[in-house]
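Asks: These protein sequence lines are chains C and A, in that order.
Per my numbering, residue 1 is the first one in the first sequence, and the count goes up by one each step.
Per my numbering, residue 1 is the first one in the second sequence, and the count goes up by one each step.
None of these hints come from the bench; they were simulated from the model.
Don't be surprised by glycine CBs; every beta carbon is placed ideally from N, CA and C.
One thing to keep in mind: the hints can contain errors.
[To be verified] Far from chain C, some chain A residues (derived; all Cβ distances over 12 Å):
#, residue
1, L28
2, A37
3, I135
4, L171
5, A362
[As the list claims (entries may be wrong)] Okay, the calculated bits of chain C under chain A, using three or more residues with CB under 8 Å as the criterion:
#, segment
6, 168-178
7, 221-227
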Amino acid sequence: MRRVAKLSAACIASAALALTATACGSTSSDKDSGSAPSGGGKGVKVGLAFDVGGRGDRSFNDSAARGADQAKKEFGGDIKELTAKTSDTEADREQRLSDLADAGYNPVIGVGYAYAASMTKVAAKYPKTTFGIVDSVVNGSNVDSITFTEEQGSYLAGVAAASKTKSHHVGFIGGVDVPLIKKFEAGFVQGVKDTDKKIKVDTQYLSHGSDTSGFASPDKGKEAAQGMLDNGADVIYTAAGSSGNGAIEAVAGKKGAWAIGVDSDQYNIPGLSKYKNAILTSMVKNVDVGVYDFVKSVHAGKPLTGTNTYSLAKDGVSLSKSGGFIDDIQAKLDAAKKKIVDGTIKVKTTP
Amino acid sequence: MNKLTSRIDKERLLLGIAAPLLAVVAALLVTTLVILATGKNPGDAFSDMVTYGFASDSQVYILNKATTYYLAGVAVAIGFRMNLFNIGVDGQYRLAAFIAAVLGGALTVPGWIAIPLIILCAMATGALWASIAGILKVTRGVSEVISTIMLNSIATAIIAYLLQPGKLGQLDQAGTLVSTKPLPSSLYFFSFDTGAAGELWGFIVVAVIVGIAYWFVLGRTRFGFDLRTVGQSESAAAASGVSVKKMVATSMVISGAVAGLIGMPTLLNDSHQFSNDFPAGIGFTGIAIALLGRNHPIGIALGALLWGFLERTTNHLEFQGYDKEILGVIQGVIVLCVVIAYEVVRRYGLKRQQQRVGAELAAQAAAPTKKQEVA
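Required output: the full structure, derived from the provided sequences and hints.
Replies: Structure below.
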């Protein structure tokens with residue numbers, strides 16, 4: 001009898017669930033339907049979907065935020081920000097993008113390659129909204145793919161590191177061993193080796209494969225940098241989102257060692273001002289320019305679409321000069337830049 | 001009917017429901033305080049969660065999420081019933097999903113052969129990976145907590161090594177995402193079309209079957225009885241003729257096999273490939289859900305649904321301007337409250353029982369003296 005009771009309880013529970021699923025006919029977007037997609041008009045309505053780390057990572061996401069902030073300052077309007085979690089599935093990313101599109105945000109920007117698949121679907125569902133994706137390519141007539149030639153900027157960082165190292169030993173720390181970060185590694189190593197073949201380059205990744213925690217773990221960054229410093233490296237380039245903060249902290253603790261920042265000009269980031277004298281330069285990836293250009297184009301009513309690559313030639317990537325620590329090797333850097341721009345040097349995208 | 005109701009111990013049932021209820025209420029209270037502390041109105045937040053959470057597309061999302069979480073909860077619960085803490089569910093499902101995705105991408109046979117093959121392959125991989133910890137435990141006495149944590153990292157490293165362009169992975173057109181070869185559309189698992197609300201993953205059926213099997217094997221078979229006995233007392237089990245070592249190894253393997261299923265709803269119903277951004281950390285969510293559901297097949301289902309509901313609605317709370325960390329706070333507080341509430345309720349139950357037994361004994365002791373007086 002008890003079995004019957006339990007079985008029937010299970011049946012009733014599942015039937016009730018199925019019923020509630022079908023009974024509520026309206027979707028969440030029906031309820032939010034007060035707002036229709038609006039472009040132009042007064043100000044911009046930018047929807048920003050950040051990658052893990054979000055605003056405040058002092059690096060990649062912050063750079064995108066700066067672009068949107070600048071657009072908001074110029075055109076007025078408002079910005080809505082949502083941030084990814086490490087446990088995200090496709091459904092979560094789709095929800096984030098659709099929520100933004102639903103609420104009338106236009107453009108909607110996915111910051112990071114993780115949004116590629118979800119944006120493909122959502123962009124098709126909201127043809128009147130313009131979408132932008134940073135660091136990936138999404139096909140669609142209403143999508144702007146904003147990509148950068150990280151390997152070229154990293155090459156220059158490699159030249160700078162090779163020129164500044166005294167121990168003939170430099171290090172590269174990547175957040176996650178994904179192809180995007182490998183572009184940084186490939187460029188950096190090539191830049192170092194082209195300058196001086198004898199310099200030893202240590203490379204380390206903080207997390208692997210589907211584990212994206214390496215982009216948001218300052219503790220891991222600090223540990224890895226400390227290990228490299230103990231091994232004798234004295235210039236460390238970190239491409240690891242907010243984990244880089246930890247690496248910079250570790251490098252600042254050793255006299256004569258240099259850190260190379262990434263994505264944003266980390267010398268000028270207030271949260272890092274304590275360590276700024278250890279930041280040789282930053283490989284600035286002008287995500288802000290890409291985002292700003294895109295928002296501006298939507299505001300003007302002529303949205304950018306297709307793939308827009310921000311290369312070294314277009315100053316999409318560059319080395320920051322804040323602090324003046326690389327002024328003495330500027331000629332060398334300019335020469336390398338010229339060779340890359342005119343094609344004499346082909347920078348590899350895979351290590 | 002009388003017989004039916006009389007067999008249900010009302011007090012036990014009440015106490016059983018009291019603990020999770022207490023935990024959820026306490027979690028609500030703490031969350032209210034946290035939202036108040038951030039200067040927002042908790043009433044608005046909760047009403048937004050309810051309206052948004054009960055929209056039809058939210059329900060489909062919640063059921064889909066809960067399918068995955070349910071399997072994770074069951075995988076962990078099998079170990080729990082046996083007093084085994086299988087932290088390795090996380091690595092087991094990721095490795096299983098990866099290997100299954102590789103197999104699926106390479107298969108050219110029709111779906112009705114290929115889909116069961118993929119699922120079996122995932123279960124076998126999960127079971128094999130878990131069996132390493134099981135064998136270490138029975139032969140060398142290595143704590144399964146330590147070995148499974150390490151196996152998680154090793155699984156991550158193996159996947160990272162194999163999932164490279166040129167090995168078992170391929171790059172997407174932007175050169176930023178590596179994935180296994182996508183499954184052909186003939187290998188997609190069936191799903192229920194619910195119109196505007198989206199697609200309800202067909203794998204929910206498999207999850208229900210797993211739940212029934214879990215309930216049946218543990219509650220209705222000799223094997224389940226042995227397993228629970230070992231979980232409650234190894235020495236008592238050994239004394240009654242159960243081979244403890246065999247049970248440890250077997251339950252680890254079964255736990256791993258179920259863990260292998262966790263990635264299947266995502267792989268067969270959603271992403272159709274294993275890539276860098278395959279969801280990670282669900283094994284740990286499973287631990288929380290198994291705790292919340294008291295290792296009970298229906299309890300785990302409710303826990304999984306609650307988890308899905310919280311994720312869906314707090315995602316939207318962030319949209320409404322609340323802090324995104326609120327989800328972590330609610331989930332953490334619930335797990336903490338569950339552990340505390342179970343202990344409080346258990347002690348209360350024990351006290352009640354002692355009082356009752358004491359009262360009965362006192363009554364027995366009092367009875368003869370009365371008689372004596374009469375005589």
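Asks: Each of the hints needs a verdict: does it hold here or not?
Replies: These are the hints, each one checked on the structure:
no.: 1; hint: L28; verdict: holds (21 Å)
no.: 2; hint: A37; verdict: holds (20 Å)
no.: 3; hint: I135; verdict: holds (25 Å)
no.: 4; hint: L171; verdict: violated (6 Å)
no.: 5; hint: A362; verdict: holds (33 Å)
no.: 6; hint: 168-178; verdict: holds (count 3)
no.: 7; hint: 221-227; verdict: violated (count 0)
When held up to the earlier numbered hints, the structure conflicts with 4 and 7 and fits the remainder.
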